[in-house]
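Protein chains in written order, with my numbering: chain A, 39 to 158; chain B, 465 to 560.
One or more hints might be untrue.
[As the list claims (entries may be wrong)] Here are the computed lysine to any residue pairs in the SDA-like style, where the Cα-Cα straight-line distance is at most 25 angstroms:
hint, chain 1, residue 1, chain 2, residue 2
1, B, 512, A, 122
2, A, 99, B, 512
3, B, 512, A, 124
4, A, 135, A, 125
5, B, 512, A, 125
6, A, 99, B, 532
7, A, 99, B, 472
8, A, 99, B, 478
9, A, 135, B, 505
10, A, 99, B, 534
11, A, 135, B, 526
[As the list claims (entries may be wrong)] In silico negatives: residues of chain B with every beta carbon more than 10 angstroms from chain A:
hint, residue
12, 482
13, 504
14, 511
[As the list claims (entries may be wrong)] Chain A stretches covered by chain B per the calculated footprint, using a threshold of three residues with CB under 8 angstroms from any CB of chain B:
hint, stretch
15, 52-66
16, 84-96
Just so you know, these hints were derived from the structure itself, not from any lab. Where a beta carbon is used, it is the ideal one built from N, C-alpha and C, also for glycine.
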Amino acid sequence: MSGKSLLLVFRRAPYGRSLSRAGYDLALAAAAFEQPVSLLFMDDGVWQLLPEQHADQINTKSVASTLASLPLYDVENLYVDMQSLDARGLAPVELRKEVVPLDATAVQALMHEHHQVLVF
Amino acid sequence: MATLHTLNQSPSGSTLASCLRCLAPGDSLLLLEDGVYAACSPHVSAFKESPCAVYVLQADAEARGVTGRLDPAIETTDYRGFVELAAACDSVQSWY
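With the rest of the complex left out, here is chain B (with noise of 0.2 angstroms):
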């Protein structure tokens, strides 16, 4: 069983701590609107230990302005990317 985690909170609170907590070999990660700022240094290193891939949504990267900032070991996916990755995946599961 394969999840897909979208996480839509900034860093700054606790939601991203718990949703790491959840990951499981094998699950992907997404992060979209404020969780994109969770792909940028120093919050990136959170990840370093994840058993999962983990992709930033391009166009909610692109709105706020941090494109650039994004760590080069995270993978970038645009809307069509999201709905393939929710159909390869057995569930959704959403932090917000």
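Chain A on its own, in the form it takes in the complex (with noise of 0.2 angstroms):
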């Protein structure tokens, strides 16, 4: 079954509030149901991407621990915002390592491909 391709874009940080939360559902809800997912992540969303994220020391469950668990449901295709990077001191080579840095051009495309594009 090949459904419309999601598009799923992440721009907060990770803890403040639970909307990245229902992202991730989604996106493994849709994968569950064999339907193509695609994450990007820009603005604060970038946050999502730091490796060695000890959220137990807040009492809620890491953000790393989910991304980790996505290929286990063929969600494979993660890409990060390079200006987004840019303003927040971040480098690619600081991010979990199968996330595709994009410049503008390429996001615009991203988000052109995909049938439905969703903002968390």
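Hints given; two lone chains; assemble the complex.
Okay, structure coming up:
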């Protein structure tokens, strides 16, 4: 079964609110129904991609472990907006290695090539 | 009247700028939750001219994986330090 392709855009930092958790739930649900899903991290969403997040310190589940589980559900297309990284003094090598950095043109293309874009 | 200001919002929004505008000499500022990102370069330059002591809450920095990115000019504190700061100040103002 091949459905409409779905792009989930993560724009918020990981723990301040529950929005990103909803995004991951949708990613896993869509993948469970074999819908093609891609994830794009931009703005404060790029903070989700830092390794070594010790969320147990604030009694919550680490986003890093959720990201690590995505390949098990065949969610393997992870992208990050370079401009958002630059603005925060982050470099691609400091992030999870499976994430592909994109420039502004590539981000536009990514949004165009998906049937549906949802922002979290 | 010394005030402890607490900021729990990311520096991407406008809350940080409003908070900084209201800091008076002798006040303290504690960065917590998403506010800890403000203690990371390049945002930290916003505090360079601040007349206040700036602190960051250790647990929230560790949870977000930014302990290695905190500016050394900003002091780290724990929950006990949070309580001591609140007790030492006349009032607490939350920026959220």
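Consistency of the hints with the structure:
1. B/512 x A/122: With Cα atoms ~23 angstroms apart, residue 512 of chain B and residue 122 of chain A stay inside 25 angstroms; holds.
2. A/99 x B/512: violated (34 angstroms)
3. B/512 x A/124: holds (21 angstroms)
4. A/135 x A/125: holds (20 angstroms)
5. B/512 x A/125: holds (18 angstroms)
6. A/99 x B/532: Holds, at roughly 21 angstroms.
7. A/99 x B/472: Holds, at about 19 angstroms.
8. A/99 x B/478: The given pair, whose Cα atoms are some 28 angstroms apart, is violated under the 25 angstroms limit.
9. A/135 x B/505: Holds: residue 135 of chain A and residue 505 of chain B sit about 22 angstroms apart, inside 25 angstroms.
10. A/99 x B/534: holds (22 angstroms)
11. A/135 x B/526: Since the Cα atoms of residue 135 of chain A and residue 526 of chain B sit roughly 20 angstroms apart, the hinted pair holds (cutoff 25 angstroms).
12. 482: Since the minimum Cβ distance to chain A is about 17 angstroms, residue 482 of chain B lies beyond 10 angstroms and the statement holds.
13. 504: violated (7 angstroms)
14. 511: holds (15 angstroms)
15. 52-66: Satisfied; 3 residues make the cut.
16. 84-96: This one holds; 10 residues, not fewer than the three required, reach chain B with a Cβ under 8 angstroms.
Hint compliance for this structure: hints 2, 8, 13 are broken, all remaining hints hold.
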